[in-house]
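As they're listed, the protein sequences go chains A and B. Counting in the numbering used here, the first sequence runs from 1 upward without gaps. Counting in the numbering used here, the second sequence runs from 1 upward without gaps.
These aren't lab readings, by the way, just hints derived from the structure by calculation. Some hints here could point you the wrong way.
[To be verified] In silico DSS-like pairs for lysine-lysine, Cα to Cα no more than 27 Å straight-line:
(1) K215(A) with K147(B)
(2) K161(B) with K85(A)
(3) K147(B) with K161(B)
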Amino acid sequence: MKRPRVMWGLIGVVLTLTILNAAAVRAVQDLALTPTRVQLELNAGGSTGGAVGIINQGDTAYDFRVYPSPYNVTGEDYSQSFSLKPQQVDVSHWISVTTSPYHLTPGQRQDVPYKVTVPQGTVSGGYYAVLFAETVAPPVVPGQTGVILKKRVGAIFYIRVPGAVDEQGSIDSFTAHFWQSAPPLRTDLRMANRGNVHYAVSMEMVVTDLLGKKKADISSSNIVLPQTVRHFVLAWTAAPHYGIFKVSGTVQYLDRSEALPSHLVLMAPAGILVATLVGVVVLIFLAVILWRRSRRRHRV
Amino acid sequence: MKQTSIRRVNLLPIAGGILALLAPVVAGAITSNTTISSVISPVISVFTSGPTVNLPVTPTSSGSQTIASDTVTVSTNDPGGYTLTLADSDANTNLVSGSNNVAAHAGTQAVPTALVVDKWGYRIDNVGGFGAGPTSGATNQSISAVKFAGVPANASPNTIKTTATTANNDTTTVWYSDAADFNQASGTYTDIVTYTATAN
Chain A
1 MKRPRVMWGL IGVVLTLTIL NAAAVRAVQD LALTPTRVQL ELNAGGSTGG AVGIINQGDT
61 AYDFRVYPSP YNVTGEDYSQ SFSLKPQQVD VSHWISVTTS PYHLTPGQRQ DVPYKVTVPQ
121 GTVSGGYYAV LFAETVAPPV VPGQTGVILK KRVGAIFYIR VPGAVDEQGS IDSFTAHFWQ
181 SAPPLRTDLR MANRGNVHYA VSMEMVVTDL LGKKKADISS SNIVLPQTVR HFVLAWTAAP
241 HYGIFKVSGT VQYLDRSEAL PSHLVLMAPA GILVATLVGV VVLIFLAVIL WRRSRRRHRV
Chain B
1 MKQTSIRRVN LLPIAGGILA LLAPVVAGAI TSNTTISSVI SPVISVFTSG PTVNLPVTPT
61 SSGSQTIASD TVTVSTNDPG GYTLTLADSD ANTNLVSGSN NVAAHAGTQA VPTALVVDKW
121 GYRIDNVGGF GAGPTSGATN QSISAVKFAG VPANASPNTI KTTATTANND TTTVWYSDAA
181 DFNQASGTYT DIVTYTATAN
């Protein structure tokens with residue numbers, strides 16, 4: 001008779017611990033921003049307005065501020081920097097927002113308006129900045145040495161000032177290692193922009209087997225900034241550990257569509273590949289021996 | 001034997017009559033299409049395991065070290081993925097208590113080194129030159145050979161993670177450490193570190 005009581009007691013303890021644990025995990029300041037990027041086309045002297053949405057997706061209230069910063073990248077993997085580069089136009093000054101702090105309770109959303117004004121006389125081309133939403137640092141806890149953490153999320157602004165823009169894009173390279181020892185099946189695409197304005201690129205990689213049957217179709221899209229080469233990794237994460245595949249695809253940018261050169265890729269763990277090669281060599285060796293023996297018998 | 005006659009009824013005229021009666025209804029039937037559309041907004045979010053990382057140190061003559069972690073969680077449905085950076089909130093990278101400072105460690109994310117006394121820093125397993133770890137927390141231990149880097153100033157953030165696709169509750173664990181001997185004046189030393197997440 002006691003067993004059912006014990007069982008229900010254990011169930012109650014487990015349920016209570018589960019609820020408490022769930023509550024503890026989400027007691028954090030969750031700062032969310034939408035959209036993640038803003039693309040505008042504005043004439044010199046022109047202006048426009050919009051808003052970014054900040055959402056408290058956690059269960060702790062917090063204060064936050066919104067402010068613009070410069071934005072630039074270095075290297076083909078687009079390492080981001082929010083400081084002004086020498087001779088870079090400070091586009092953050094084009095964006096005006098209220099920088100006073102806002103307060104967000106859990107589940108609340110605050111739409112923060114902004115205005116973008118392109119100065120008169122701005123040369124046509126592409127200009128970039130980021131609008132950040134950043135939590136206000138909590139007060140120092142007396143007697144507690146350590147690190148105070150701030151979070152910030154950014155929406156990247158891509159601003160095109162039309163006119164005599166120089167649009168130049170090209171496929172720099174599309175490569176895939178012939179032998180890849182483990183998934184994912186990886187290809188590397190590099191897109192170059194030698195103009196003075198950004199462009200959008202849509203990429204599609206198609207993987208087929210040797211019989212032409214499609215095995216995967218990987219798509220992606222992004223933006224390439226002027227005077228940069230951007231490196232994209234297109235990967236088939238569900239690739240099997242063993243097989244021979246043909247990789248091809250297309251890239252669409254600046255109103256054109258180009259086919260990517262095709263590559264053969266052998267997916268094989270190193271051990272299996274070595275064992276296969278050894279096996280082939282052994283078979284060839286045995287075949288030669290058997291052939292020679294049969295020739296000797298014929299002569300006799 | 002009695003034969004049962006089966007009377008066959010020709011149903012074709014009956015069916016035709018029914019169809020003729022229904023013809024106006026059938027002919028008059030109209031269809032209407034409704035397009036269902038859903039706009040899913042691109043969002044990026046970040047939260048950390050706490051608002052602070054506490055690094056209490058009780059110094060010894062040879063130096064005492066404390067290591068503690070923070071977990072940064074990023075989510076985004078931007079198809080380009082995200083980049084997460086770490087930097088001091090300003091140009092002063094010291095832990096500060098009034099006029100006293102604990103300076104940032106000299107090691108860098110690319111070339112980290114073992115923490116030295118009266119310095120503070122961070123590390124992330126499998127990032128840069130930090131090695132695989134695994135790192136574990138410690139309080140007031142002798143200074144270990146675990147490698148750390150100094151937190152960079154706000155103008156030069158370090159990229160600590162970058163992804164190429166959408167992310168749902170993607171975590172990065174950042175370990176902080178402080179080491180002190182009796183040359184470090186007592187006090188409450190703090191600095192502010194900023195994590196920045198942006199879509200790629």
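Going down the list of hints, with the structure as the test:
For the suggested pair K215(A) and K147(B), the alpha carbons sit about 44 Å apart, so the restraint of at most 27 Å is broken. The hinted pair formed by K161(B) and K85(A) meets the criterion: a straight-line CA distance of about 23 Å does not exceed 27 Å. For the suggested pair K147(B) and K161(B), the alpha carbons sit about 18 Å apart, so the restraint of at most 27 Å is met.
The structure fails hint 1 only (numbered hints given earlier).
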